[in-house]
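Engineer: Each chain, letter by letter, is given below.
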Amino acid sequence: MGLSRDVYRLFESVVGPENISDDPAILRSYMYQPFGCKRGVWADISPAVVIMPASTEEVVAIAKICNRHHIVFKAMSTGWGIHNVPGVEGAVSLDLRRMNRILEIDGKNMFAVVEPYVICAQLQVEAMKKGLNCHIIGAGSNTSVLASATSVVGYGPDGLSMGYSGRNLLGVEWVLPTGEVLKLGSLSTGSGWFCGDGPGPSLRGIMRGWEGAWGGLGVFTKCAVKLFHWNGPSELEMKRVPPNYVLKEPIKYYKSSLFSFPTLEKLAEAALKLGEAEIGYFISRLSPAFVGLQMAAGTDYVNTWNTGMLQEMLKYAFLFVIFASSEREFEYQQKVLAAIIEETGGQVSPISETQEMQEQTSTAVIKVDAVLRSSFHPTGGFNTSFGAMDTVDLALNIIRVGTELKDKYIRKGALVDDGGDNSATLVFDQGHLAYTEMLIMYDHHDDESAEGAFQYLAEANQACLDKKLGPPIFQISQVGKGKHGAFGPACFNYDMWLRKIKSAFDPNNTADPTAYSPPEE
Amino acid sequence: MCPSITRYNFHTYSGGGRMALGLALAEGRLEDITDELLNIVYRCTACGACDSSCKYNSELEVLWPIYSTRAYLAGMGYFLPEHSMIIDSLRKEDNIMMKPKTDRGKWAEGLKVKDLSRGEKAEVVYHAGCLYCYDPELSIIARETVTLLQKAGVDVGIRGSQESCCGSIAFQLGFQGEFIKFAESNIDDWNAAGVSSVVTSCACGFGIMKSVYPLLGKEMKFEVLHITQYLDRLIKEGKIKLDRSIKSRVTYHDPCNLGRKSEIYIPWKGIEKKVLGQFILREPEKVICRGWNGVYEPPRDIIRSVPGIELVEMERIKEYSWCCGAGAGVKQCLDDFALWTASERIAEAKSVGAEAIVTACPWCERNFKDAIAASGDDILVYDVVELLRQAM
Amino acid sequence: MVLILGELVKGRLSTNTREMLGRGRELADNANGRLALLFLGDKVELVAEEAIAYGADDVYLAENPQLGTYQADTYLQIIEKAVKDMEPEILLMGQTSIGRDLAPRLAFRLGTGICMDCVRLDIEPISGIVRMTRPVYGCKALAVMICKTKPQMASIRPGTMKSAELDRSRKGQVHALATDIDMSQIRVKVMAKVEEQTDSVSLEDAKVIVCGGRGMGSSDSFSILEELARLLGGAVGSSRPPCDAGWMPSTRQIGLTGKIVSPNLYIAVAVSGSSQHMAGCAESHTIVAINKDPEANIFAMARYGIVGDYREILPPFIRRTREILEGKGGSRCC
Amino acid sequence: MQIVVCIKQVLDPEMPYSAFKIDADGKRAIPPQGTPPVISPYDENALEAALQVKDAHGATVIALSLGSKLARSILNKPLAAGVDELVLIEDPAAGDLDSFASASILAAAIRKIGGADVVFTGRQAADWDAGIAGCAIAEELKMPCITVARKVSVQNGMVRVERLLSDGFEVVESPLPCVITVDSDLGELRQVTMQGLISAKKKPVSAWKLSDLKLESPPPPRCELLELYIPKRKRVCEIISGENAEDTAVKLADRLFEESLL
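Chains as they are written, first to last, in this note's numbering: chain R, 1 to 521; chain A, 1001 to 1392; chain L, 2001 to 2334; chain E, 3001 to 3262.
Simulated from the structure, these hints should not be mistaken for laboratory data. Please read these numbers as outputs of a predicted model, since none were measured by experiment. We put the CB at the ideal spot given by N, CA and C, even for glycine. It is possible that some hints are incorrect.
Claimed, not checked - Listed next, the stretches of chain L that the computed footprint assigns to chain A, with coverage defined by at least 3 CB atoms under 8 Å from CB atoms of chain A:
#1 2214-2227
#2 2240-2246
#3 2292-2299
Stated by the list, open to error - In silico BS3-like cross-links for lysine-lysine, where the CA-CA straight-line distance does not exceed 27 Å:
#4 L/K2193 <-> E/K3151
#5 E/K3201 <-> A/K1092
#6 L/K2162 <-> E/K3232
#7 L/K2084 <-> L/K2148
#8 E/K3151 <-> A/K1099
#9 L/K2207 <-> L/K2162
#10 R/K412 <-> A/K1273
Working from the sequences, and respecting the hints, build out all of it.
Structural biologist: This is the structure:
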């Protein structure tokens, strides 16, 4: 379903011929097939055209053309996932790759202003030069800062000390689906980027909701995010060779340890206490499988796994990192940590004390660049399922239910046996909140595996309803088309609000609703 | 790091996009081969940056699927018209410069050097490569190289008009059939000549000889060395003395084919077993070449050994080096892209205050020189050998 | 009936014709039919008895001064008429400059098919269908074909079939054919015929070929090959590289884009054995390879090989060969 | 003067042995990866012959090709080399035709083009090596035919051709129009230049189907292909060796004598 030449020319006049294409060769690389061919709402849907705007003005112009001609559009930044491409045929895909500038780093007020294609690693490098650091989401430092802040979830294990992307969001420049530009927070009153809320009621909730706008409410072209204190080196020098880069110099007042607990409950209790004690830089639940995959690959990994040693030692474990700014604070945090671990019957895993592990984790923790290696190594096919950013209790329920359900599919042989309970989780935002996400690995080139994974995800969604676990984070966007409708009634009819917002902000329904919500009927 | 995506921005121009494209072709999800498609496929210097950066912590092969896509298209008869010129010249004249074979030996006229193609014997055969043989401005460097080796007491010979192309361009453009013929006949000739080492100044030649020749399964009774490796040895053995000092602040540009692409690629053969449910276990284990085993230090050591020279590094070096833009036929067929890529690198060199870019491949040198001529920049370009000669 | 179009070389049956007679005889016997030979020319009756001695039952002579030299338009008229009268089952001619020129057009006019350049003919006893084998894809593959209409036509590559024994006692009949020529049909005129002076035999006819490759190194080095060729009464050929390099005239090139030969003995000196070259000589009876590189492809194709430098091998080889030919062969041979 | 050159797209005859594979059931060679098809070498000589005539007397040269799937990037080469127009007959039905069938289709195309003063073809195509099509085209068009030409010149309405013989060559003359099949001795097709490539982009290319030639289906084959196979070369090379070169050489000579090969 292509565009008429006239409309194409309209778009072309906005961005120039170099930055627009509807050639099949180009479109092919803007399509995903997460579960192999013809599975799930996203499979094999091609955009009608790909456009690469370079400025807010161009985005506005494009949005206006779309409204005039009733064409659906969807913006993508770094494109880490199927929810970045249009979920309907004949849509315009906006690749924001050319909007990749860090516009400002305000050292005094500790924030940065970025465009959509700025990735965490890029911002972190610049921030560190000024003695600052930024929150990086769990998926890794190669993801868009703005996208996490405005549109998609935004949890990261360093959230223990640096909140989460939604919380760190300050001023925003927002191109509404209609093409009007809306400025949020202090920006709206022309008083700069420093605050997320301007005078009057906060718009952040409407804009971002709990887990993000998922491209359903137009395009966020600029935003400011909080930066945090960094007392490490202003430049991270690496040694060794890929894939084992590590920091040349160990960082002062830095200590990472792997703690394991007798039960899941104890693990959660410890995490909660650590959060409330407001110590620590980084905490992440690490499943035995993921720890193993960090340290070994192929046969080595499989052999290690088969010894059962990993499962034994790390069944309920998390990685906890202290990164203090002074000798005294360092000692203090270690004391508190030791105390809490003792109360909760935790044990330091010997693995984490090896210099190898200390070095390895240091980069992995600061740059958050390790997860890809674990998640894609076994099969190349990876997905997330159950999940929530909520309370510790909910996190625990999800893990229990999720593990049980996953085990069923592992026994079927559809998924990689990662011990079932493979959840990258835990308290963040200094213990006020807990995050969980059940990860699965499957072979998307293997029909049975792909089919199995797909069924698992569907069942997982159903379980969220039956077991009262709330809407499955991420999943909605994936198996989703309007799935909010299904979860709303179970969750205070939140979907009604989404639909109201959608209708109010997008009268012509031109911003692709697939991952968000359709407007009111 | 990838010139192609940096210049053209559409995802398809990136390593990942190219894999998506190749897969679509292979799976028959993309029937019509548009000019745009060919444009995308060949506006890529096959510099391998995508491959190295992906392997920073993953095990994906990115470069070879790019080769395969080209071979697949070539097999169906799809390529740019300019490519057919190069390949015809290769078939008719054994070179990619569209010049007569009989002129290939001209660069060495007047040199007192053994010609192995006439049955003379030598320890080392010096392979000048197409560009050095036919580019009047550069062939002087080949002459200097031979004299340099002779001065250092090396028993060196050449193959005169019988030297032929290494096949690198043919391979990278997807004409693998053509490549095999040249690779095999070169190996035959060198085996027959009974030399102990083949030394070349052309990084493109070196890269292909190191990384792909071995895959042909022919016995190679000789060692393949790049001139920088050989000269580095000679200097360290004290056979070359550098006494004249050169006051200059230079930076070194890693040729892709001398660096990340000179690492041998080992195609995986074996069985894939599924364990732990879907875990794909390869037996034997797949060998991953991440590009950090390239030739990085010898050229740098040579530069450092020149009295008075200050070597400053650029931001993107070694396995993360930014390509000069000339590779994989882009220089001959899509020069605009080649020059743009070079200009980016030149800007980077100037940003670290270098007065000259030193490199070790005629293609890089040619392309930088052209880009500088076009932009009227004042920065200089040297081959490592030129630097050495000045310092002797 | 099996009909063969005969050719003369210097007044005698060409080798190729004798070879066709050899195989033709077997085909005829197999189908218990007659073997006939058709000759066009000026005063050719002399060859009739030779043809019979080589196995022909009938010899048809079309004699006319105008037929002295081959001219397609003339020959076609006569042969077309003759074949239509005789209605042979099988019609063979040589893969020679005449056969190449004539066969396709004759087939077209007879409304039948033809297999060019066959190296092998097999007949199915009952049906009498001839399975014709011919090299294709530059000798990389062999194709077996049959001709669906009569006569089944084939042109035969010289040197690929066994000539019949000469038997003077054989009897046969000689027939004269009318040779009235319609001059209006003659459009192409032969102005001159130039024989190229080569001291050795032409490549196509040579029983022995000595071929030099890229490894020869220079044009002068070919002289030693000339010497060997002269000794063996053969011809000197070359693979493509020496021709490209100008060491040898392109008329001497054997291979895909040069001459296609199948001599009894093919001595490949410093030839690597590329597909381009082998296309021209793969069908030779015996290939001998002399090459420095033990991995050279030529050894895969050769029957006998020496791994070594031809400069060292050839002189003693020539000496020994001369001894042998002069009857002074070592004890083992006599 | 109008000249038509018939060119055939074939698998590269110079592809490495290893690359040459056959689909025995389909009785056809399998196109290899990494080795593009080419214009049959002798057809390139034919193009050169036509361009030489054009250089000498001026002429419109039209390249004509027939096949089931034709690669533009390969068949555009003649345009870059100086040919004025390209006519492609691309039709699934034109898959594997025998020489006579191809000839009748090509002849039909030549009539549609408006005839030709000279039709050039290669002496034979590098796939089936038959050497029939050229002659058959001549018969179809009732034109005189001169085969295996190594030199061609046109003067006052006549062509003068040197045609190759095994022991030399003969000089023949023919009135126009006529068909000439060309040998490699005539010389390789001239190098394509950058300007050539650029000008080629502007030259007319027409693509026809059999139906455009008023042909529902191609004529039936006159011969039937029973089998296509790669001969098993008995790779038994007897390597002769001795104490030294001398000895080895003698051994070889004796061996050949024993086998009565001398």
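Engineer: Compare the structure with each hint and give your call.
Structural biologist: Consistency of the hints with the structure:
1. 2214-2227: Since 4 is at least three, the answer is holds.
2. 2240-2246: Coverage by chain A holds for the segment 2240-2246 of chain L (3 residues, Cβ < 8 Å).
3. 2292-2299: holds (count 4)
4. L/K2193 <-> E/K3151: 14 Å, holds
5. E/K3201 <-> A/K1092: 24 Å, holds
6. L/K2162 <-> E/K3232: 22 Å, holds
7. L/K2084 <-> L/K2148: It holds: about 17 Å lies between the C-alpha atoms, which stays within 27 Å.
8. E/K3151 <-> A/K1099: 25 Å, holds
9. L/K2207 <-> L/K2162: The given pair, whose Cα atoms are some 13 Å apart, holds under the 27 Å limit.
10. R/K412 <-> A/K1273: Status holds; Cα separation ~17 Å.
Violated hints: none; the structure is consistent with every hint.
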